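These are the residues of each chain, in order.
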Amino acid sequence: MIDKIRSLDRRRVGALGGIGERWRALPKWQRRLAGVALIVFVYCLPWLGKLPGNLVVPGLNNLRTDSIDGGSNWAGVLFTCAVYVLVAVGLNVVIGLAGLLDLGYIGFFAIGAYSVGLFGSVNSPVVKWFQREFDLPQTWAVTWAICAMLALVLTLISGVLLGWPTLRLRGDYLAIVTLGFGEIIRIVARNSESLTNGPQGISAIPGPEGPPSTDNQLFGLVDVKPWYWLAITVVVVMVFAVRRLEHSRVGRAWLAVREDEDAAAVMGVYPFKFKLWAFAIGAALGGLAGMLFASRYAFIDPTQFNVNLSILFVAMVVVGGSGNMVGVSLGAVLLAYLPERFREIADYRWLAFGLAMVLVMILRPQGLIPSRRRTRELKDRAAEAEEAPAHV
Amino acid sequence: MSDETTTTAAPKIPAQPGPRRSLLEIDNVTLRFGGVVALDGISFEIHEGEILGLIGPNGAGKTTCFNVMTGVYKPTSGAVRFGGEQVTGRKPHQISRMGISRTFQNIRLFPEMSALENVIVGTDSRHKTSVPGALFRVPRKRPKPEELPEVTATSGLARTWQQLRRSFAGTFGLSRHVLEERAAEAKAMELLRFVGIADRANDAARNLPYGYQRRLEIARALGTEPKLICLDEPAAGFNPAEKEELLELIRKIRDMGVTVLLIEHDMRLVMGVTDRIVVLEFGRKIAEGAPAEVSRDPRVVAAYLGESTDAA
Chain A
1 MIDKIRSLDR RRVGALGGIG ERWRALPKWQ RRLAGVALIV FVYCLPWLGK
51 LPGNLVVPGL NNLRTDSIDG GSNWAGVLFT CAVYVLVAVG LNVVIGLAGL
101 LDLGYIGFFA IGAYSVGLFG SVNSPVVKWF QREFDLPQTW AVTWAICAML
151 ALVLTLISGV LLGWPTLRLR GDYLAIVTLG FGEIIRIVAR NSESLTNGPQ
201 GISAIPGPEG PPSTDNQLFG LVDVKPWYWL AITVVVVMVF AVRRLEHSRV
251 GRAWLAVRED EDAAAVMGVY PFKFKLWAFA IGAALGGLAG MLFASRYAFI
301 DPTQFNVNLS ILFVAMVVVG GSGNMVGVSL GAVLLAYLPE RFREIADYRW
351 LAFGLAMVLV MILRPQGLIP SRRRTRELKD RAAEAEEAPA HV
Chain B
1 MSDETTTTAA PKIPAQPGPR RSLLEIDNVT LRFGGVVALD GISFEIHEGE
51 ILGLIGPNGA GKTTCFNVMT GVYKPTSGAV RFGGEQVTGR KPHQISRMGI
101 SRTFQNIRLF PEMSALENVI VGTDSRHKTS VPGALFRVPR KRPKPEELPE
151 VTATSGLART WQQLRRSFAG TFGLSRHVLE ERAAEAKAME LLRFVGIADR
201 ANDAARNLPY GYQRRLEIAR ALGTEPKLIC LDEPAAGFNP AEKEELLELI
251 RKIRDMGVTV LLIEHDMRLV MGVTDRIVVL EFGRKIAEGA PAEVSRDPRV
301 VAAYLGESTD AA
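Here the protein sequences line up with chains A and B, keeping their order. Following UniProt numbering, the numbering of the first sequence begins with 1 at its first residue and continues without gaps. Following UniProt numbering, the numbering of the second sequence begins with 1 at its first residue and continues without gaps.
Since the hints were derived computationally from the structure, they do not count as laboratory data. Remember, it's a predicted structure, so these values are computed and weren't measured experimentally. Zero decoy hints are in this set.
Straight line, CA to CA, 25 Å or less: simulated BS3-like cross-link-like pairs of lysine-lysine:
#	chain 1	residue 1	chain 2	residue 2
1	B	Lys74	A	Lys273
2	A	Lys273	B	Lys91
3	A	Lys273	B	Lys128
4	B	Lys227	B	Lys252
5	B	Lys128	B	Lys91
6	B	Lys128	B	Lys141
7	B	Lys227	B	Lys74
8	B	Lys227	B	Lys91
9	B	Lys227	B	Lys243
Required output: the full structure, derived from the provided sequences and hints.
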């Protein structure tokens, strides 16, 4: 039975692979144009099926999560999707490219969220301490833009700090240590009340326009579209940055280390250095995602960062296709969108995820859109091959 | 294996006469794994520009010796010096940058990467671009006229675009990343042609035929611009015709100015190509010298034919 499905699947992969082939065969400018079109489409998604002026497009409208009874705000779901895509892109650097199984990614997400909370909210013990020590007014807090940069820097540093001692471990051992790290961050956040308010959490976390208030024109709590656009902008910039890395000496070093660490070392790659970079970059992206999440909801508490979410993050990468940015993004969108659209299964979502994971592992171990190593396009392969062997 | 008959009347002249500078020195190296002595006080030198054969029966310590030289194992005592500098205690990637490269007995390519990319990983070791350089495309360098992007289109938007790119590169320079990528790709392609597998440059390494994979390992090792290349049984599994081609390749590598250390089981192959031979048995060096001398050494004959050594 399984064999039958697999062989069917193989044929389907063949067809999909054909699409990939045809895509790569297109001229560069056409691919770029298609990329720009996709980005424009993604920015317009909040109006999917429901154009401005309440014009409803019947078929497309059903895709929206607010088309069902008690459905969530469509832009809000899109925002969650965008944040998860950012997480998936970051985790893909760690798992997909460098081959390091990180089960504690939620830890970095939490550090990013707490950095904006602790420094940006007037309710946080850290800000209160600053106010007391330096005689600042009760309304003083660090500006959002600086908090965002702090989140990036702090998660980068925490990535290095976690990676430094643990990246000597390989495979399963690394997975266990990172799993522990994720839990440690959550438990520290819960127990150190004088630093993080403990289980009460931190409220009044600022957005780009400052602390949440009814005066905010753009980044308020009612209209989520600007939040979505902010998140998707971050995603686009980061995808571009990760692509640059992937297609450079760094990306090759990551792949080489993933494929055979010892052979890579003998070829002059310093595995530790590149693994640490992967960890730090992955952490920074996770931190950015956490920062956006905290800013949008203006409130965080430790229960939001439990280990389930770490597993969900890994599931996004594995289901989507580890190593392929399009794949992991699709995985992230599916895992964020489906439970919202199909509320009936939302109660069983962990069961459904487990089932989906098992099915994917059996039927498509490489993920929905597997990573196919780009092959360097040479101008004229045939001509190269025919040339007489040159003397170096 | 029983080639001693063919070399009975060999003259007692070293194959490569004249004084030679020593490139790699293995000085009294001992390596123990618990109670097992894998290498027992081994000393020998590799001279610049020679092909040195390292032979011995199974389990004699040949590959272990390689692993000590390339930093995979740390010797229990003794030292390895390369061009007068200490190798012992350095990490594998540092040793690689000093100029020692190797292939593996059981092929260890990067299977999912294309043949070309495998070699580029080797050439990358001489390059500097890291995360900041790849992200922000700095530092930039003023390109030489021949490095500027070419304008190939004859008319239309494409031509305008290419001219814009060219003038952009002329004004703002090209990043080190771009220059290095180009150099790496050209160098890697040249090496693939050198070992004769350029026709499959874009195929994933795991899809290459066995002989191609062996050659690809050599190309990848040459990519690191080594002074010394260590080949670990490169002819394993080859038929006589392929072995002959490999010998030719090894000579070509030597003529490029790269010193070669060759581990090999096949005595005929070693005799045909090496300038000197070192023989190991049970972790000890039992003979060293020109192929003709070594093959007449009774201890070597005994080691290979399994006879008793009371005559020696």
